[in-house]
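Heads up: the protein sequence lines correspond to chains X and Y, in order.
All residue numbers for the first sequence refer to this note's numbering, where the first residue is 346 and numbers rise by one.
All residue numbers for the second sequence refer to this note's numbering, where the first residue is 346 and numbers rise by one.
If you're looking for bench data, these hints aren't it; they were derived computationally from the structure.
A virtual CB, placed ideally from N, CA and C, is assigned to each residue, including glycine.
Careful, some of the hints might be misleading.
[What the hints assert, rightly or not] Covered stretches of chain X (in silico footprint by chain Y; criterion: 3 or more residues with CB under 8 Å from a CB of chain Y, positions within the stretch not fixed):
1) 354–366
2) 395–406
3) 429–441
4) 473–479
5) 490–503
6) 513–523
There are 2 protein chains.
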Amino acid sequence: MIIDKLIDAIKQKQNPTVVGLDPRINFVPSFITEKYYEKYGYTPKAVAKSFYKFNKYIIDEIYDIVPAVKPQIAMYERYGTEGLKAYEKTCIYAKEKGLIVIGDIKRSDITSTAEAYSDGHIGKVTIGENEYSGFEQDFITLNPYLGSDSVTPYLEDCKKYEKGLFILAKTSNPNSGEIQDLKVGDKHIYEIVGEYIEKWGSELVGKYGYSSVGAVVGATHPEQATALRKLMPHTFFLVPGYGAQGGKAEDLAVCFKDGIGAIVNSSRGIIGAHLKDEYKDCFNDEKDFARAARQAAVNMKTNLKRCIEI
Amino acid sequence: MIIDKLIDAIKQKQNPTVVGLDPRINFVPSFITEKYYEKYGYTPKAVAKSFYKFNKYIIDEIYDIVPAVKPQIAMYERYGTEGLKAYEKTCIYAKEKGLIVIGDIKRSDITSTAEAYSDGHIGKVTIGENEYSGFEQDFITLNPYLGSDSVTPYLEDCKKYEKGLFILAKTSNPNSGEIQDLKVGDKHIYEIVGEYIEKWGSELVGKYGYSSVGAVVGATHPEQATALRKLMPHTFFLVPGYGAQGGKAEDLAVCFKDGIGAIVNSSRGIIGAHLKDEYKDCFNDEKDFARAARQAAVNMKTNLKRCIEI
Chain X
346 MIIDKLIDAI
356 KQKQNPTVVG
366 LDPRINFVPS
376 FITEKYYEKY
386 GYTPKAVAKS
396 FYKFNKYIID
406 EIYDIVPAVK
416 PQIAMYERYG
426 TEGLKAYEKT
436 CIYAKEKGLI
446 VIGDIKRSDI
456 TSTAEAYSDG
466 HIGKVTIGEN
476 EYSGFEQDFI
486 TLNPYLGSDS
496 VTPYLEDCKK
506 YEKGLFILAK
516 TSNPNSGEIQ
526 DLKVGDKHIY
536 EIVGEYIEKW
546 GSELVGKYGY
556 SSVGAVVGAT
566 HPEQATALRK
576 LMPHTFFLVP
586 GYGAQGGKAE
596 DLAVCFKDGI
606 GAIVNSSRGI
616 IGAHLKDEYK
626 DCFNDEKDFA
636 RAARQAAVNM
646 KTNLKRCIEI
Chain Y
346 MIIDKLIDAI
356 KQKQNPTVVG
366 LDPRINFVPS
376 FITEKYYEKY
386 GYTPKAVAKS
396 FYKFNKYIID
406 EIYDIVPAVK
416 PQIAMYERYG
426 TEGLKAYEKT
436 CIYAKEKGLI
446 VIGDIKRSDI
456 TSTAEAYSDG
466 HIGKVTIGEN
476 EYSGFEQDFI
486 TLNPYLGSDS
496 VTPYLEDCKK
506 YEKGLFILAK
516 TSNPNSGEIQ
526 DLKVGDKHIY
536 EIVGEYIEKW
546 GSELVGKYGY
556 SSVGAVVGAT
566 HPEQATALRK
576 LMPHTFFLVP
586 GYGAQGGKAE
596 DLAVCFKDGI
606 GAIVNSSRGI
616 IGAHLKDEYK
626 DCFNDEKDFA
636 RAARQAAVNM
646 KTNLKRCIEI
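Just chain X, same shape as in the assembly (with noise of 0.2 Å):
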C-alpha cells in the first residue's frame, strides 16, 4: 500500500515535508540557463532543460532527508510538450532516488475520460503486447466537483498498481471558501467533500489505519482543518500552503494524529530560497543554490518538529 511506504518514509526520516518541484525561470541560475540557452537558443526547449537540470540538483541535496517531493505540473505545461518532458523526467529521476512522487494535476473529468487521465498517470496503456506508464508518479491530486464516478476509475488503479490520491478537500488559496465553505444544512461543503473523500479510500486502508487516497487540506486554514481531521479519521492528508502562502507550523499540527496523518507542502519556500535574504549570505556562489533549498528544508523539519511529536 503506497500509504504506508509514505508514512514509513516520513517516520524514517523524521520529516513530514514533501518539496514542491515548481520550477519558475527566475529560480534557476544563470550558470544552468545560460548553457541550455546558447545550445538551444531562447526555447521551451531551453528552458525545459534547465527545469530538469535544476531540479536534480534540488532532489540531489535533498532526498536523504525528505520522503516525498510533489512536482506541480502546471509550472511545466506552461512551456507546452518540451515543458511536459520535463515534468516527465523529473519524476522518472526523484523515483530512482527514493523519493515518493506526488503529481501534483488536479484533474477533473466524466468516468470516460478519467480513465484515460488516470492511465496515464498512475495506470498503464497496453499497446501491441507492450505496457506503458505516460508519466511516473506515485500519487496524484484531484478535483472532486464531478462527484464519484469522476474518482471511480482512479480507484481502481490504485488498487492495481500500488498507487494513491489526494483529493482537494479545502484549498489553501484565498478565496477556497467561496465554493468550498458553504453549508448544506449543518455541513460545510468541503465537510461533505470530506466524508466522500474518506467512503473513497475506504478499500485502501494500510496498516496505519490511513487510506492510499487523501485528501488535499490547506494549512492556511486551521479551523477547518481541525474539523476534517475528526471527520476523516483514516485520511491522510497533504496540506499545502506552508511558508509562501502564510500557513505556519503552530496552526497545521491540528492535521497530525498521534504524530502522523499528514505531511506538509513547501514549494517557493525550499527551491527558491537562494534568492531570499535569509540565505543569501550564506549561499553566494549561484552555484551552492541547491545547498540553501537543503538548508531551508532542514529549518522547514525542525520547524515542523517544534509542533508535531513523529
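Take the given structure of chain X and dock chain Y to it, following the hints.
Chain Y in isolation, oriented as in the chain X frame:
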C-alpha cells in the same frame, strides 16, 4: 471577441455543433495504425502519430460544416508526452482549417499555478526576446471548485489574447449531482457557480450579448439547464452529453435563446460513427471512416435544427 467569432461561425454554418476529437486506439482504422506500428513499433509514439493522422482525416471531412472542435486532452495525456504532441498538432491543424478550438482541459488550481496553466494554454511565455504559445486553443474548460482567484489569471489572458473559457457549472455525468445539486439555502451549488461565471464574464461580453466566459452545462440535465439559462443571460453554454451519454436534441433546446446561446458537443457519436451499425453499411471500406463521421455530423445538425432555429 472570441465568443463573437464562435457565434458568427455557428450562424454561417447554421450548425451549433462542436466535434469532440477524443481519439481512442480502437477508433483508428488499421490502414493508419499499421503504418506507424511498422515504423515506430508498438509504442506511444506510433499511437500518437496515428491519433494525429486520424484527426486530420476527420477535420478534413468536417471543417466546412461544423464551426468548432473540442479535443479532450486526457485522451492524449493517456500516452504521455508523445500523446500530448498529437494534441498540440491537432489544435494547430484545426486552427489552420479555420475551426475554433475548445481545449477540454478542465484545469483548476490556486492563482500562482493558474497563471502557469493560463500561460501555457491561452496566453504566452516570454523566453529571452521570444514569445511562445504552449498549446494553440481558442477556448479552454476550467473547474470552479477553488473559487474566483483560481479563475482571475485566465480572465486577464482572455482580454489580452482574445481567448475564452467554459467553466463547469453542471456536468453531464450521472453522479454530477453529489456536489453540484446540493442546496445552500434556496440555491443549488450549480446555480451559485452559475452566478459566479456570469460575474467572471461580465467584462468580456461581445456584440451578441454573450460573454467569452461560458459555462459547461450537461445535455443530460434539462431541468438544471433551464434554470441556468434564466440565471445566466450573458453566458454561452458548452453542452456535453448529447448522443452517447443520452442527451437528446429536444432536451437541450432549453440551452438556446433566439437560436443562439449554446454549442452542443458530440465525440464518440461522430468520430466513432464508422464503428456503428447505422453507418457500417454505407461506409464499408475502412478508408471511408471520416466520411461516416461527416455523415454523422450532418445527421446531428439536422437533428438539432429540428428543435433549434438558428
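These are the hints, each one checked on the structure:
no. : hint    : in the structure
1   : 354–366 : violated (count 0)
2   : 395–406 : violated (count 0)
3   : 429–441 : holds (count 3)
4   : 473–479 : holds (count 6)
5   : 490–503 : holds (count 6)
6   : 513–523 : holds (count 9)
When the structure is compared with the earlier hints, violations turn up for hints 1 and 2 and for no others.
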